[in-house]
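S.K.: Build the full structure now, drawing on both the sequences and the hints.
Sequence lines, in order, name chains E and F.
Using the working numbering, read the first sequence as starting at 1 and increasing by one per residue.
Using the working numbering, read the second sequence as starting at 115 and increasing by one per residue.
Each statement offered as a hint is correct.
List of simulated lysine-lysine pairs, DSS-like, C-alpha gap at most 27 Å:
no. : chain 1 : residue 1 : chain 2 : residue 2
1   : E       : 69        : E       : 58
2   : E       : 68        : E       : 58
3   : F       : 158       : E       : 69
4   : F       : 171       : E       : 49
5   : E       : 68        : E       : 49
6   : F       : 158       : E       : 49
Distance windows between CB atoms, simulated:
no. : chain 1 : residue 1 : chain 2 : residue 2 : range
7   : E       : 53        : F       : 119       : 24 to 34 Å
8   : E       : 97        : F       : 181       : 23 to 33 Å
9   : E       : 52        : F       : 183       : 28 to 38 Å
A short list of chain F residues far from chain E (calculated; beta carbon distances all over 12 Å):
no. : residue
10  : 122
11  : 128
12  : 132
13  : 178
14  : 179
15  : 184
16  : 198
17  : 231
Just so you know, the hints here were simulated from the structure itself, not pulled from any lab data.
Bear in mind the structure is a predicted one, so any value in this text is a computation, not a measurement.
Even for Gly, the Cβ is constructed at its ideal location relative to N, Cα and C.
The primary structure of each chain is shown beneath.
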Amino acid sequence: AQSVTQLGSHVSVSEGALVLLRCNYSSSVPPYLFWYVQYPNQGLQLLLKYTSAATLVKGINGFEAEFKKSETSFHLTKPSAHMSDAAEYFCAVSSYNQGGKLIFGQGTELSVKP
Amino acid sequence: NAGVTQTPKFRILKIGQSMTLQCTQDMNHNYMYWYRQDPGMGLKLIYYSVGAGITDKGEVPNGYNVSRSTTEDFPLRLELAAPSQTSVYFCASSYLGDSSTPAYEQYFGPGTRLTVT
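M.R.: The structure is reproduced here in structure tokens:
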């Protein structure tokens with residue numbers, strides 16, 4: 001079975017500081033990995049995805065994530081936080097044999113202080 | 115393209131009432147999904163569909179029913195609403211092609227916030 005663990009339900013950074021949101025996954029087959037962002041009272045929007053091509057994946061709004069198989073991790077980073085980055089972030093895993101189903105982590109709420 | 119649309123945006127139900135949450139997508143996606151989101155719990159899959167006429171249970175299907183008569187629509191039915199069904203419900207869709215061009219990312223609607231009292 002697949003699973004996702006996001007370390008830290010809440011992360012707070014100062015504007016301009018590095019953003020690091022952690023995601024570890026468990027999968028017995030090669031995974032597909034995703035990061036989604038949810039702004040208040042909205043649906044989820046895809047930030048980036050890993051589907052077995054380049055291990056460093058660049059997404060929208062300056063975010064990127066690196067797939068590390070040896071660490072079973074897919075951490076999300078952004079060099080410089082902006083106030084508009086405040087939102088909830090979800091990591092999700094799937095694979096070729098899951099029929100498109102995603103398994104989501106519990107979410108990490110990012111706060112950005114001025 | 116409107117993408118994935120959901121109605122209503124908000125609804126309050128009394129215990130024992132029933133209702134249907136509507137979901138429509140205009141992207142000609144073959145797969146559709148229903149999730150519920152509870153605070154601190156992430157999203158849990160309720161039901162999904164791989165095409166018109168084909169549906170299957172997800173992780174938390176009890177108390178819900180679905181149907182898929184067309185590619186575009188995937189309504190979620192709540193029978194005998196209970197307080198435990200108070201949640202935010204999201205519909206999503208995706209296109210799964212052949213194994214050489216997997217998509218797998220899901221496109222989400224704006225959600226329906228349901229309160230059962």
